[in-house]
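The lines below spell out each chain.
There are 4 protein chains.
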Amino acid sequence: MCRFAMYLGPPIRLSQLVTEPSNSLIHQSYDAKERAEPLNGDGFGVAWYVPELREAPAVFKSISPAWNDANLLNLAPVTRSHCLLAHVRAASPGLAVSQGNCHPFVRGRFAFMHNGSVGGFGELRRRLRQGLSDAAYDAIAGSTDSEHVLAVVSDRWEAHAALADRPLERGQKALREAIATLEALRVEEKVEAPSYLNLAFTDGERALVSRFVSPGTEPAHSLYVARGALVVESGAGRVVPCPAEESAVFIASEPLGDREGWEAVPQNHVVAVDADRSVQTVAL
Amino acid sequence: MCRFAMYLGPPIRLSQLVTEPSNSLIHQSYDAKERAEPLNGDGFGVAWYVPELREAPAVFKSISPAWNDANLLNLAPVTRSHCLLAHVRAASPGLAVSQGNCHPFVRGRFAFMHNGSVGGFGELRRRLRQGLSDAAYDAIAGSTDSEHVLAVVSDRWEAHAALADRPLERGQKALREAIATLEALRVEEKVEAPSYLNLAFTDGERALVSRFVSPGTEPAHSLYVARGALVVESGAGRVVPCPAEESAVFIASEPLGDREGWEAVPQNHVVAVDADRSVQTVAL
Amino acid sequence: MCRFAMYLGPPIRLSQLVTEPSNSLIHQSYDAKERAEPLNGDGFGVAWYVPELREAPAVFKSISPAWNDANLLNLAPVTRSHCLLAHVRAASPGLAVSQGNCHPFVRGRFAFMHNGSVGGFGELRRRLRQGLSDAAYDAIAGSTDSEHVLAVVSDRWEAHAALADRPLERGQKALREAIATLEALRVEEKVEAPSYLNLAFTDGERALVSRFVSPGTEPAHSLYVARGALVVESGAGRVVPCPAEESAVFIASEPLGDREGWEAVPQNHVVAVDADRSVQTVAL
Amino acid sequence: MCRFAMYLGPPIRLSQLVTEPSNSLIHQSYDAKERAEPLNGDGFGVAWYVPELREAPAVFKSISPAWNDANLLNLAPVTRSHCLLAHVRAASPGLAVSQGNCHPFVRGRFAFMHNGSVGGFGELRRRLRQGLSDAAYDAIAGSTDSEHVLAVVSDRWEAHAALADRPLERGQKALREAIATLEALRVEEKVEAPSYLNLAFTDGERALVSRFVSPGTEPAHSLYVARGALVVESGAGRVVPCPAEESAVFIASEPLGDREGWEAVPQNHVVAVDADRSVQTVAL
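Protein chains in written order, with UniProt numbering: chain Z, 1 to 284; chain Y, 1 to 284; chain C, 1 to 284; chain A, 1 to 284.
FYI, nobody ran anything at the bench for these hints, they're computed from the structure.
Do not rely on the hints blindly, as some may be mistaken.
List time: in silico EDC-like cross-link candidates among lysine to aspartate or glutamate, alpha-carbon distance up to 16 Å [as the list claims (entries may be wrong)]:
1) Lys190(Y) - Asp258(Y)
2) Lys33(Z) - Glu37(Y)
3) Lys33(Y) - Glu189(Y)
4) Lys33(Y) - Glu205(Z)
5) Lys33(C) - Asp258(A)
6) Lys33(A) - Glu37(C)
Per label pair, the in silico range of CB-to-CB distance [unchecked claim]:
7) Thr281(C) - Arg109(Y): 41 to 47 Å
8) Asp274(Z) - Pro243(A): 52 to 58 Å
9) Glu246(Y) - Val240(C): 54 to 60 Å
10) Ala164(C) - Val282(Z): 39 to 45 Å
So, partial list: chain Y residues that the calculated Cβ filter (under 10 Å) puts toward chain Z [unchecked claim]:
11) Gly41
12) Asp42
13) Ile63
14) Asn68
15) Glu192
16) Ala193
17) Pro241
18) Cys242
19) Gln280
Note that the coordinates shown come from a computational prediction; the quantities given were computed from them, not determined experimentally.
We treat Cβ as the ideally placed atom computed from N, Cα and C, and that holds for glycine.
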């Protein structure tokens, strides 16, 4: 469930992800194209980095559908950043629609969002929590599977403190091991339902976004990446090539407008964006 | 825009309109079948009569989408009445999503709801208000065209106090004259956009529901009526014939389940339900 | 934190607890008299039993302050029951204001609410959860200490299935053992902050309400009980004696109006109301 | 009713008005000192100018009480501007708590807020509206007296287009004439209830803030002005003298911390802040 979008590049307005392009994230909140169910109306959230004021990202969340939230429409054109995240939610059955359950989730200088679900989460939850460090356990404030996935990622991140000067490598290890941990648990508990783990994880300078589905299931939830500059003309959005220093990275559940310039991320791969905005797509 | 449903008959639970049948009003909030746009997620409202406690109907409204409102899901199975109304809203562009703008609207012992729009409402609003009595003017608390339509209906109702002992006839006159007033204004102001006026008006014992569109436009918004008892079996709902004393009247934008037993109301007609639950469909 | 009120007796309207008396629960939401901090504006909830329609109580909750919630004002006069609960919340620092965190909490046919706090909850939470049965663990949907207290009470209730035909005795054991469990944990973990456990627990026919504070701390949060009939005259409310068959039991954090007829519950006692509405106040 | 604060000066964070000082606007939302009723919990709003991105100010409003709104707490420390407005609302009886009724109100590049009430607004409303231009009439989206006051101010502003190059003088005329218009109407309609018109009006560079009450009533709602720099130390806030180029203007219903440095605005005067941040306090 859910749709998300993320941006790293020269500062742009939040509205360029959220309202302006033809398949903006608000458009995906009521008419997503690459899901059987087009509706993602159970709240939304946006996050952005303002490094000159605070290391931790700013975040704004609401349980209103994104399409009718006056505050989002007001904030989007005056919020500008080099690193932006946006998420529209379709709540999994049984998980509450509350502000605290909306993505992105923030932990210190990190922001995280999830599109998908942990197979059999209700059955796995207790064991999953038992395996967490106290810090990761205590940081869980809501009831989503997503926030529990973040807790596992956080613990794996902490486990690799030796890689402090290679954050992208550290993050990849954390993400890979978190997915493996979750899968192992699912198998041990004989859960048949697959996990869908499109996970986006950033420190505001680098980003990792996975596209994962449990083995034997097809396809993973959709995920795309584009490099260049976003041009919005007569309502449609296109990502076009541009000089390297102006070039940005867009990662989104669906192309934000024309598909030209967007590449599908292969299943069970992770997109790694470094601080210089170089992009690598590697197998998980 | 919008979808609504209304019930007059032996007491039933609100859930029988709102959650149980296969095309319940909650289903219509995210997947309406007879509108180009299937989504009615900009709030909802329900009203019901509890005559032993109060003449005025009870009302519960929220700006949450109906499908994810925990309170609605909790109230529906324990709310029981002989007269129920329910409405899911798709806000007209420019009209605020606020609790006060959700239907049904209550005036004394009357409840009212609207599916449609007044053509060129923004241009007509000021003149429309000038023509109102002080009482009807002052009663308008929100910003919808619908509440303005109700104000015109209320004034026309008051104008026919001589018919106090024939309320159904009085209501029909009020509705007919209100529609005529609104149409005359639209024509005078040279508004080309048509009005869609599916209006439901009840005192808890009788009901009038119109299906109207301005001349030259096709079709009016959908409207159906069914008589009998609602049976919900394996998720689908059917209205089936039953003994007269148990027979109820259902009026809804769309059949609540199987189409069997539901009749389309002809365009520019009004369904009139009397206190004995006899039903007449007459031209406007 | 918080204030609550509960009623068992001949059916009355919810408004008789919530809006009508001079110190109604809505009044206590902005001007509580027996707390240092008069404000309980972080959401509210009401629950009531409709046994002819459902065994589980109906519940309506909102994160709006009780004093400005139009739905509460609309529902209160048309909601009538022999067993009513109402709660206004002052969120403990760090605990989210969300609908799911509002009281009363419902588990099957039981309703539960809490006024107070578990000392050092943040530090105790993980161990507290480890001690729960899977059923009680899985039923926790929010993040409050209160819902964790309910989980302990539920487990202790289940442990005394042998007392199935003596529910009031069973409930007293459950409440007493739950408080003892929580206190033992607090002492083991060397938490100095005391627990305040004014707990209300009902099945719609019987009720148990405790007034507890950890040893060495004074005083417990306020709690009162009154027997008779509520009379609201010129804005003030009084509970007056009446014939036994019409006599009701009111239990509330503060008298709902005049103090006459209300008795303070002694500290570390529990008020037990049986199905015949006889009342006993016994030491914990 | 209500409390507000406004800032013009070197860019500061919104949190410096809203959360940091000891009598911040959030503090005033639950514990205002200079009103008989300390509670302003019926929603809030903030506005700020980001001239490099848009002429119109950004605005964020919510019906949650300011003290428990997670979004406000998240936005305040990362929102920085040279011109900030913040308002906490205590709804007048009968006026809906809705997002659209929260202040500040934005019209083009102007922001406006009101602390007070129009005496007898319900009786005056219709005549007041009749006197408005179509543009001012159509811009009213909510139901508050405040938005109607803004409509009168807007019309008077438009009437003085000849003063386009002297905006502060133009604004003063507009404000003075608007107050006179409202007072004349009140007198004509024989309304005895006084009007309280503490009005704040800004284009992001200049500001006018009135302190007015109808003749014969005492006192007007409180209003203060301070010049200098805000220093927050150990929880308290003080405005201290500083070099002219760093000096800011604070105008607020109550001093944001220590009273030192704050001057009460005399009754029936207006504070005029020019683009160079020079301040004049003149009689209305």
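Now for the hints, and whether the structure bears them out:
| no. | hint | result |
| --- | --- | --- |
| 1 | Lys190(Y) - Asp258(Y) | violated (42 Å) |
| 2 | Lys33(Z) - Glu37(Y) | holds (15 Å) |
| 3 | Lys33(Y) - Glu189(Y) | violated (34 Å) |
| 4 | Lys33(Y) - Glu205(Z) | violated (46 Å) |
| 5 | Lys33(C) - Asp258(A) | violated (29 Å) |
| 6 | Lys33(A) - Glu37(C) | holds (15 Å) |
| 7 | Thr281(C) - Arg109(Y): 41 to 47 Å | holds (46 Å) |
| 8 | Asp274(Z) - Pro243(A): 52 to 58 Å | violated (44 Å) |
| 9 | Glu246(Y) - Val240(C): 54 to 60 Å | violated (44 Å) |
| 10 | Ala164(C) - Val282(Z): 39 to 45 Å | violated (60 Å) |
| 11 | Gly41 | holds (5 Å) |
| 12 | Asp42 | holds (5 Å) |
| 13 | Ile63 | holds (7 Å) |
| 14 | Asn68 | holds (5 Å) |
| 15 | Glu192 | violated (24 Å) |
| 16 | Ala193 | violated (22 Å) |
| 17 | Pro241 | violated (36 Å) |
| 18 | Cys242 | violated (34 Å) |
| 19 | Gln280 | violated (39 Å) |
This entry does not satisfy hints 1, 3, 4, 5, 8, 9, 10, 15, 16, 17, 18 and 19, going by the numbered hints stated previously.
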